[in-house]
Amino acid sequence: MIAAGLSNLGVLAQIAEFTPLDTPEVQWAALLPLLILAGGGVVLLTVSSLVKAMAAPGVNAAATVLVGLASIIACVPVWQRVQDPERGPFTAVGGVIGIDGFSILATGLIAASVILAALLLDDYLRREDIDGVEMYALLLLSASGGVIMASANDLIVMFLGLEALSIAIYVMAAMHRRRIESQEAGFKYFIVGAFSSAFFLYGIAMVYGATGSTNLVEIATFLANNLLLRNGVLMLGMALLLVGFGFKVSAVPFQGWTPDVYQGAPTPVTAFMASAVKVAAFAGLIRVFYLALGTYSLDWKPAIYALAVLSMIIGATFAVVQTDVKRMMAYSSISHAGFVLVAVQAGTEKGVTAAIFYLTSYVFMVAGSFGVISLVGRRGDAAHSLDDYRGLSRSRPGLALAFTVFLLAQAGVPLTSGFVAKFNVIAAAVDARSFWLALIAMLASVIAAVLYLKIIVAMYLTGDDAEADDSVAGPKVSIPLPAAAAIGIAIVATLAIGVLPGYLFEVAGDAVPVLIALP
Amino acid sequence: MTGLVLLHALVAVLAPAVGARFGKRVFALTVIPSLATLVWLAVHLGDVLDGGAVTETYQWVPGLDLALSFRLDAFGALMVLLVSGIGALVVAYSAWYFPHRPDLGRFAMLLCGFSGAMLGLVLSDNILLIFVFWELTSITSYLLIGFDDTRESARKAALQAILITGAGGLAMLAGLVLIGQQSSGGTWSLDEIVHNAPSEGAVMSWAVVLVLAGAFTKSAQVPFHMWLPGAMAAPTPVSAYLHSATMVKAGVYLIARLAPAFADVGLWRELTAGVGVATMIWGAYRALRQHDLKLVLAFGTISQLGFLVALFGWGDSKLLFAGTAMLLAHAFFKAALFMIVGVIDHQAHSRDLRRLSGLGRRLPATAIIATLAAASMAGVPPLLGFMSKEAGFLGFADSLHSGADLVLAGLVVGSILTTAYTARFLWGAFAVKPGAEDPIGAEVDRPLPPLIIPAGLLAVASLVGGLYAPLADELVRPAAAALHEPAGEYHLHLWPGFTLPLLLSAVALMGGLALFALRRPVAALQRKVAVDNGADDAFFALYNATLRAAARITRIVQPGSLSFYLSAVLITFAVVPAIVMMGDWEVPDGAVWAESPFQAVIGVIVTVGAVGATLTRRRFAAVLTLGTVGYGVAMLFVVQGAPDLALTQFLIETVVLVLFLMVLRRLPERFAPRRTSSLRAAHALVALGVGAFVFAMALASLAARTERPLGHEMSEVAYAEGGGRNAVNVILADIRAFDTMGEIVVIAVAAIGTAALVRAGRARRDDEAVPDEIRAGVGVDDGGDGR
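Order-wise, the sequence lines are chains A and B. Take the first sequence: its position 64, counting from 1, is numbered 64 in the numbering used here, and each next residue is one higher. Take the second sequence: its position 181, counting from 1, is numbered 1181 in the numbering used here, and each next residue is one higher.
Hints listed in this document are in silico derivations from the structure and should not be mistaken for laboratory results. Take these hints with a grain of salt, some might be off.
[To be verified] FRET-style restraints, in silico, Cβ to Cβ:
#1 A:Arg-379 x B:Arg-1021: 30 to 40 angstroms
#2 A:Val-47 x B:Ala-1551: 30 to 40 angstroms
#3 A:Gly-88 x B:Glu-1721: 29 to 39 angstroms
#4 B:Arg-1666 x A:Val-47: 29 to 39 angstroms
#5 B:Ala-1538 x A:Gly-88: 36 to 46 angstroms
[Stated by the list, open to error] Chain B is faced by these chain A residues, among others (derived, beta-carbon under 10 angstroms):
#6 Phe-187
#7 Pro-414
#8 Ala-517
We put the CB at the ideal spot given by N, CA and C, even for glycine.
Can you build the whole structure from these sequences, using the hints too?
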C-alpha cells in the first residue's frame, strides 16, 4: 500500500514537472479562523457519530464553544498582521477572499455568536428532546458560511457563503420537531430564502454583464475608469443585489418572513440568526456597496435611504403592538437593521465605522435578549407572551435585571452599548448631511422605546390593583449554568462597550473594509 | 467632580442591601454623598463666586469627542446647592415620612442615583455628557414615579412621563448633535459653544427648536405639561425633590445656559416667551381647579416653570439675573410646600382640600412654615420670591426687544393667578371650613419635629434671603454673571422705590386676592369653559390611536401567509428594477420570436404546461404539468445544439419529479380550496406582471451586451490550458475550481441538514417535505452556478 502510494506521488510529481500549473497562493494561515469553524463542524459531526462518549450531556456544546474560541484566537495574529502598517491587508485564494480588519472582526463576531448560541443550545436541546450533534455541526457550518460571506472579494464566493449560511439555518429553524411553528418557520424561511438567493444570483449576473467581472476589486476599478453611457444593466444588478441583501438583513419590504421565522425557530437558533446572520449579511452589503459600487453611491444611496426609513419606522411601530415578546424582538430587529442601514447610507468611512460599531454591540445585546427569552420560554419554548414575564423581577431578579440591561441597550440608553451605537449612527448621518434621516431615526427610537418599556414594565411594575401581592409571584424559570454564562458574557460586553466605548471605537475604525487587489 | 458622581453611584448600588438589613437607617447612608458634595462645594465656593471655575476632564470616547469633562462655575454652584442641599433635606425628611416598608432600600437607591445623575447634569461641560445624565434623570424619575407599582395609575403615569421626557431628550440630542457639528472647531464643550456661538443658518434654527423641544418636555411646558400632574403619583419626597426643585429645572437650566448665545437664533425668543407665558397662565389657571393639595402645587409648579422659561429664554442679562434669583426662590418655597403637603398627608391621611378643616389650629408650626413659603410663592414682600419677581418685571419693562410689553402683561396675568392659587392652597390646607362634608382636622396629631424641620429650614431661607437681600445677592449675581458677561447693573433690593414693577406686584397681589375672594363665581365660570384634562386626554388618545393603527396595519401587512409575503417580494422585485429599466430598455438586434418551427412548438408546449400547472386543482396533475415545462426547456436546449445541457436538465427534472411524486403520496390529492376569486385574480395579476418583467429583463440583458461573451474565451482556453474537450467540465474543475469546491461544501451542509431533519422527523412522518425541498433547492443553485 505504502509503496503504491509513494509511486503514485512520483507519478504526480512527474506530471507536475510537465505541466507547470499556476496555482494561486492560498494563504492558509490567514484562513485559519474560517478553516477552524468549517473543519470543526465536520470533525465534530464525524467524531460524535463514532465516539459514544460524545453523547454525554454538554460535550458537544463544549466542543462547539472550544471551536468558536479557537477561531477567535486564530483571528488575533491575523488581525495583528493586517494592522501592521508595513504589511497591511491582503488577499487569499487567488484574490477571491479579502483579509482586512473588517473580515477579521466579522469573523470574530460570528464566532462569538456561535459560542453564545452553543451555550444557549446546550440545555435547550436536552429540555426539548432534540438530542444529537447535528445542531452544533450546522451551527459551525453556517458560521463558516457567514465568514466566507463577510470576507468574500468576489461575488460568486459571496454567494457560496450566503448559501452555506442559509441552508444550514433553514434546517436549524425547523429542528424543533414537536412545534409545528418551528417547521413552518423552516419552510417559510427556506422558500423566501430561495427566492432571495435567486435574486442575488440575478444581480451578480447583471453586475457581471455591466462590468465584466465578479471580482469586487475589478468591478470597482472598472467603474472608476469607465464612464458607462448606458448603465441600465448595472442599475438592475445593484437593485437585485440589494433585494437579496434586503432579505438577509430583513429590511422592509423584505421583512415579511422575519417575525414568523424568529418566533417559530428554536429560541437559541433565533439568537444566532439575529446576531450572526445580520453581521454576515451586513458585512456582505457593506463590501459590495461601499467598496465595489462606491462610485455609484449616488444611485444606491436613495434606495438604502428608503429601506432604512421603512425598516426603522415599520419595525418599531409593529413591534409595539405585539404581545409576544419573541415576536416583539423580531420586529425590533427589523428596526435595528434600519439603523445600520442609516449608517451604511452615509456612504462614508465614518458611516461604515458606525455600522461596524452598531453590529458589534447588537450581536451581544440581541443574543443576550434571546438568551433570556429562551429561558423564560421554558419547556416547550412557548411561554413568550408578555403575561409570562409578569413578576419576573420577583421570582428571578437577576434574570429580570439582565433583560432590563439588554432592553435598555436596545433602546439606546446611556451607559449601555446601544447608546454609543445609536449615537455613532446619528452622528454619521448628520455628518453626511442626511438631517431628515437622522430625525426619523430619532423618532423611530422613541417609538421603539415604548416597546422595550412595555416589557420592563411587565417585569417590574407588576402589581394587580384588585388582587393580593402573591398573585404576581412571577414565572418559575430555571437558569442552567451554560445559559447563565452566555447571558453573563452578553451583559459584560454590553456594559463594557457602553461604559468604555473608546476601545471598540478604535477597533471599528481599524476595521473599515478596504479593497485589496491581487499583488 | 467625577469622584462625587461616582460616589453617588456607589452608594446607590449599596443601598438595597443596606436597606434590607437596616431598614430606615439606609437614609443615613444615602445622605452621605449629598453632604460630601456640599462640603466640596463649600471649599470651592469662594473661588467660584469670584468668577473662577473648577474644571476636570477625562477622555472617555476620544473618537466621539465624548469626554467626562466637568466644570463648576457660579451658576453651576447654585444648581449644586439646590441639588445637594435640598437633596440632603429630602433624604432626612424621607427617613421620617415613610412607615417601615421592605422596599425602602430600593427607594433610597433610586433617590441617590437620581441625585448623582442630576449633579452630573449641572456640572457637565460636554453637551453629550449632559444628554447622558439627562436621560439618566428621566429613567430614575420613571422608576420613582412607578415606585408604588401595585397602583395602575402610578404605572400609567410613569410610562407617560418617560415617554414624553424620553422623546424630548432624543429630540434634544439631535439638536445638540447639530449644534456640535456646526460649532466652530467642532467642539462639544458647553462653555466654548456659548462663547463662540455657531453661525446662524437654517440648520441652526432647526437645532434650536429641537433643543427647546427637549427642554420643554423636561420642564413640563405646554403642551407637554401633562406628565407632571401624573408624576404626583410618586411618594411626596420625590415630588418635592425631583418634580419641583431639581429635575424639572433641567430644561430651565439648559435654556439658561444656552440663551445668551442662542436667544437671537431662529425662533428661540418667540418660542420660549410664548410657551413660557402660556404655560405660566394655563398652569396657574388649572391650579385653581384642583381639589388635591398636591395637584394644586403640581400645576403651580408648571406655572412657575413657565415663568422661569420666559425669564431665561429672553436672553437679556437683567432677565438672566432675575431668572437665577427666581430659580433659587422657587426651589426653596416649592420644595418646602411639597414637604408640608407630605406632612398633612402623613398626619391627616388626606390631601383633599374640601375635607381638611381647621388644621391651622391643630398644627400651628406647620401652618406658619407653609404661610411663609406660600407668601414667597405669591411674591409678598419681604420674601425672596417678591424680589425675584420684581427683578423679572423690571427686566421685561427695560427690555429693548419687541414684544417685551406683551410678555410682561402675560406675566402679570400669570402672577395674579399665582396669588389666587396660593391663597387657595393656604385656605384649603389650614382654614376652618364650616360647610365641609366629612371634615378632617379636629383629631389630627401633631407631626414629630424632624418631619417639619426640613421644610422649616427652606421657608426660613426664603425669609432670610429676602430680609438680607445682599446675602442672596452674593450668590445670585455671580451665578448670573457666569451665564452672561457682563452681568447687568442690578441688585436684589428689598425696597426698590415706587417703580413700575412695584405697581405690578401690587396689582398681582390685589388681583389674586380679589380672584380668591370671588372663588365661587370663578369656579362656576371655570366649570363652564374648562377642558379639564385636555392635554392628558390628547396624549392617551394619541398613544392609543398609534397602537390601534399599528395593530391594524400589522394585521394587513403580516397575516402570516407565505403567499402574501412572496407576493410582496415579487412585486418589489418586479417594480423597482422595472422603473430603473424603463428609461433604458431596448430589444436586441435581430430578435425573433422563434428561429424554427420546432422552437415555436416547444414554446407553446411549455406555455401550456405552465398555465396548466397554475390552473389544476390536483397535486399530481400540477407536478406532471410542471414536468412538461422542464422537459420542454430541455428540448429547447437540444434544438439549440446543447445536448450536454439538455442532459443535465433532463436528469434534474426526472429526479425532482420522482421526489415530488414520493412526497405527494403522503399529501391530499387536491390542493386546499382557494379562498376568494378576488384573491385569485390578484395572484394571477402578480404572476403575469412578474412573468412580463422577467421576459423584458431577459431581452434587456441580451441587448446590453457590450463585449465578447466570456464563453468564447473559456472554450478557447479549455483545451489549450485545461486539457479537456468538454468546456463545461474544465470550467467546473479548473477555471472556477474554488467555486465548485464551495458548492460542494454547500451541498455537504445541505446533506447534513437533510440527515438531521430526517432523524428529527422520524417521530412524525409528515416532515419529509422539508428535506426534499432543500434537495431541490440545491439542485437549482448548482445549476445556476455551473452554467
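Hints, verified against the model:
For the hinted restraint 30 to 40 angstroms between A:Arg-379 and B:Arg-1021, the CB-CB distance of approximately 37 angstroms keeps it satisfied. At roughly 51 angstroms, the beta carbons of A:Val-47 and B:Ala-1551 sit outside the given window of 30 to 40 angstroms. Between A:Gly-88 and B:Glu-1721 the beta carbons are some 32 angstroms apart, a value that agrees with the proposed interval 29 to 39 angstroms. Here the CB-CB span from B:Arg-1666 to A:Val-47 is close to 35 angstroms, well matched to the stated 29 to 39 angstroms.
At roughly 59 angstroms, the beta-carbon separation of B:Ala-1538 and A:Gly-88 lies outside the given 36 to 46 angstroms, and the hint is violated. With its C-beta approaching chain B no nearer than about 6 angstroms, A:Phe-187 sits inside the 10 angstroms limit, and its interface hint holds. Taken as an interface hint, A:Pro-414 checks out: its beta carbon lies about 4 angstroms from the nearest beta carbon of chain B, inside 10 angstroms. Below 10 angstroms, beta-carbon pairs count as interface contacts, and A:Ala-517 has none with chain B, the closest being about 18 angstroms; its hint is therefore violated.
Hint compliance for this structure: hints 2, 5, 8 are not met, and every other hint is.
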